[in-house]
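Start counting the sequence shown at 1; every next residue gets the next number (this note's numbering).
Simulated from the structure, these hints should not be mistaken for laboratory data. Any given hint could turn out to be false.
[What the hints assert, rightly or not] Estimated spans, in silico, between C-beta atoms of each pair:
hint, residue 1, residue 2, range
1, D58, T341, 54 to 62 Å
2, A212, G362, 48 to 56 Å
3, E246, G134, 25 to 33 Å
4, S418, E385, 19 to 27 Å
5, G343, G134, 31 to 39 Å
6, S418, Q66, 37 to 45 Å
7, G73, L100, 41 to 49 Å
Built from N, CA and C at the ideal position, the CB exists for glycine as well.
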Amino acid sequence: MKFKIYCPHLTSFEKKSHSMGKSLLGAGSVDSSYRYAQFLLKRASQVFCSRKFSSLKDELVKKIPQERERMLGIKCLHGNKTLGDIKIANVMGGLRGLPLLMCDTSYVDALNGIFYRGIMLKDVVKKLPRSEGGKEGTPEGAFWLLTLGNMPTKDQAQSITCEWNERGKLPDYVTKLLDSMDKKIHPMAQFIAAIACLNPESQFVKAYNKGAKKPKYWEYIYEDSMNLCAYLISVAAIIYGNVFKEGKGERKLDGNLDWSGNFCKMLGFDDKNFFDLMRLYLVLHADHEGGNVSAHTTHLVGSALSDPYLSFSAAMCGLAGPLHGLANQEVLVWLTDLKKTIGEDPKDDEIIKFVNDTLASGRVVPGYGHAVLRDTDPRFVLQNEFAMKNCKDDVNVKLVTRLWKLIPDILKKLGKVSNPYPNVDAHSGVLLQHYCLRESQFYTVLFGVSRALGVLAQLIWARALGAPLERPKSFTTSFLCQYINEQEKKNEKK
1 MKFKIYCPHL
11 TSFEKKSHSM
21 GKSLLGAGSV
31 DSSYRYAQFL
41 LKRASQVFCS
51 RKFSSLKDEL
61 VKKIPQERER
71 MLGIKCLHGN
81 KTLGDIKIAN
91 VMGGLRGLPL
101 LMCDTSYVDA
111 LNGIFYRGIM
121 LKDVVKKLPR
131 SEGGKEGTPE
141 GAFWLLTLGN
151 MPTKDQAQSI
161 TCEWNERGKL
171 PDYVTKLLDS
181 MDKKIHPMAQ
191 FIAAIACLNP
201 ESQFVKAYNK
211 GAKKPKYWEY
221 IYEDSMNLCA
231 YLISVAAIIY
241 GNVFKEGKGE
251 RKLDGNLDWS
261 GNFCKMLGFD
271 DKNFFDLMRL
281 YLVLHADHEG
291 GNVSAHTTHL
301 VGSALSDPYL
311 SFSAAMCGLA
321 GPLHGLANQE
331 VLVWLTDLKK
341 TIGEDPKDDE
351 IIKFVNDTLA
361 SGRVVPGYGH
371 AVLRDTDPRF
381 VLQNEFAMKN
391 CKDDVNVKLV
401 TRLWKLIPDI
411 LKKLGKVSNP
421 YPNVDAHSGV
431 LLQHYCLRES
441 QFYTVLFGVS
451 RALGVLAQLI
461 WARALGAPLE
471 RPKSFTTSFL
481 CQYINEQEKK
491 NEKK
């Protein structure tokens, strides 16, 4: 009789222990096999307990004082310098493009796309540690990178996995709340409500009410953020099961799986390629500077010292808006319309005519264009590379790839389009559809789970650096008209 013991995620230290355990075996007898099994089980338990919490917080303790000193120096020495002029058109145009916010987790370059902590996204995807058996980098590693600023080792990324698995048991009252909701309530509305209802779990609220000092705020925000990340996949999976699968689905985290693997399993999927797609999706959508609606909302609400649960819930209200989080659904609707009109394998001239008809009707081509980018979105490219490796014969994948070659030239001829290239939304829905996650109403929830990684990393740093309450000045239209008249009179006198 032999015992087969599965010991996932062994570090080099643990592998030595594994070898030591083998020495307990004699000639392979039942007794020695039994002793070996006991040793491994005991050792695995010890290792798990010793790695229950990652070293991420300890690393932040070292880094935060340095960043505080640097920020104070910048403010003291250069606080009176200007960053540029604000025009009336800027104020009336949604503040688009104005350099008004600080965000160190990521930034978007017009030609090269998004950088996570100064690393180009394609390099982030390449360098992130893989989980056991996975081909794509883990979101846990991306969270470490976004929060701390350096690429994690495999052990460091796995320590986040272990920690989130340990923290991730959803409170019973939240599960009961979700189970009580009518299926007609939109998944995003349920997601928002459940996150807000986690507020009683906030360590920050408890510490603040006991008189915690401002320099310590970040520590409690960190704890809440780690717990929230751990909870989110369960919240999302329960919503998916209740709304689309008649309440069926796994609700228990598997300690042998990473964050994405657990998420996929709880959603009811076991395809390892889909696990990898989920890892890629969650990494690609994790962060996008600090000025988009969800990131800015998290920062704004957090600046009032609302806890991460309330701040992130508010952010998800913004993400639920059609101008922020519904773009990939609109792409799928447009593709479906295209196929109904000209078939699944249309000729190039038929595609060109359909696109021109879309534009002539006053609509835009969904999935094309970007507020900042002036080239193809690297997130689109990375998804297409995944598709070419795993599902290149899929009808929709073929169509999306063909559109990528045709649509930019059509849009360029209009002369008014600053970016005629595809963005991340042009591809994400198609890949989810291929792996049978076809409920497009759920896609914004997926986006929300991913975006938590970036905005919560930003929130931790906002409290660590003592970011103040955000309070810009507003003015009336009458004031604006008066100001314009005064400026015109001054110009006349000159």
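Now the hints, each set against the structure:
Separation of D58 from T341 is about 58 Å and conforms to the stated range, judged on CB atoms against 54 to 62 Å. Hint check: A212 to G362, Cβ distance near 54 Å, so the stated range 48 to 56 Å holds. Against the hinted window of 25 to 33 Å, the Cβ-Cβ separation of E246 and G134 comes to about 30 Å, which satisfies the hint. Our hint of 19 to 27 Å for S418 and E385 holds, since their Cβ atoms are close to 25 Å apart.
A C-beta distance of roughly 37 Å is found between G343 and G134, which places it inside the suggested range of 31 to 39 Å. In this structure, S418 and Q66 meet the distance hint of 37 to 45 Å, their C-beta atoms being roughly 39 Å apart. Against the hinted window of 41 to 49 Å, the Cβ-Cβ separation of G73 and L100 comes to about 21 Å, which falls outside the hint.
The earlier numbered hint that this structure contradicts is number 7, and it is the only one.
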